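Asker: Per numbering that gives the first Met the number 0, residue 0 is the first one in the sequence shown, and the count goes up by one each step.
No lab work stands behind these hints: they were computed from the structure. Just so we're clear, the structure is a prediction, and the values are computed from it rather than from any experiment. Every residue gets a Cβ at the ideal spot worked out from N, C-alpha and C, and that includes glycine. Treat each hint with caution, since some may be false.
Listed next, with one range per pair, are the computed distances between beta-carbon atoms [what the hints assert, rightly or not]:
no., residue 1, residue 2, range
1, Thr109, Arg160, 16 to 26 Å
2, Thr200, Pro142, 31 to 41 Å
3, Gly144, Gly178, 39 to 49 Å
4, Gly119, His215, 25 to 35 Å
5, Thr80, Arg41, 45 to 55 Å
6, His163, Asn79, 51 to 61 Å
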Amino acid sequence: MVGTKFIRGRSTTLGARKANLTGDIIVQFGYQEVGNLRAIKRTVTGFPSPLLNLRAENIYQRGGQCTWMPLMPPFDPYANTINYLLASYVIPYVGLTEYVGANPNLQSNTSKQLVTGLLGTESGQDAVIREYLYERAALEVHPYGITVAEFTNRISELRNRLGHAGLKDEGLVVPPPNGEDGKVTGNVLSGDQNSLSYARTPEETMRILYSTGDEHVPGGFSQKEHMVVLPDHTIRKPKFRLYSK
0 MVGTKFIRGR STTLGARKAN LTGDIIVQFG YQEVGNLRAI KRTVTGFPSP
50 LLNLRAENIY QRGGQCTWMP LMPPFDPYAN TINYLLASYV IPYVGLTEYV
100 GANPNLQSNT SKQLVTGLLG TESGQDAVIR EYLYERAALE VHPYGITVAE
150 FTNRISELRN RLGHAGLKDE GLVVPPPNGE DGKVTGNVLS GDQNSLSYAR
200 TPEETMRILY STGDEHVPGG FSQKEHMVVL PDHTIRKPKF RLYSK
């Protein structure tokens, strides 16, 4: 674990373990997140770290959902680089769309500057993961006989279903009408018809991260609801959300 000094209270992850992968990029991602937490703590009041379930069987359960079939043997996100990045594909893009959705609600320049900076890092991480997987789009994920591209498409379809807000998520290969300017099927970056990033509300984000399709029912990575009390209103959230005071 890195950045443990930012955790308020005890360690809050279950079942995470060292992955068998080429570590350089992931190590960079980890320390980028430490820097992001440092910036957040300088700008907003501290918040408790949620209890996260990162057990392989929990991520396998999500994998089974996205492939619409039992995965045998169970999907192990820690087995190799491809598996780990397919599991990682689940998170940065959801954060990216949440930051895009947050922007119109921010009032202070300080909050806007912070969220813009976080959005830059989150979108960069998502782009690196997508580019790595895109170069291997036709590779079959062993031993399932499902290509990398199909895995990402089905993960994106699952997130759309859980979010209950239409198309805001696309895999690495799409039908031509959904491709850039309606002319290509490759989709290394996900965006709307004008190639702008999609936006998600906090409620949509919770439905996806909870994996329940209901922002009031915890599950998936987050084992319980998390509340943040802000002036005049209370917002449930699985991770964190920034509002100007």
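Asker: A separate judgement is required for each hint: does it hold in the structure or not?
Answerer: Status of the hints after comparison with the structure:
{"no.": "1", "hint": "Thr109 to Arg160: 16 to 26 Å", "in the structure": "violated, 36 Å"}
{"no.": "2", "hint": "Thr200 to Pro142: 31 to 41 Å", "in the structure": "holds, 39 Å"}
{"no.": "3", "hint": "Gly144 to Gly178: 39 to 49 Å", "in the structure": "violated, 25 Å"}
{"no.": "4", "hint": "Gly119 to His215: 25 to 35 Å", "in the structure": "holds, 32 Å"}
{"no.": "5", "hint": "Thr80 to Arg41: 45 to 55 Å", "in the structure": "violated, 34 Å"}
{"no.": "6", "hint": "His163 to Asn79: 51 to 61 Å", "in the structure": "violated, 33 Å"}
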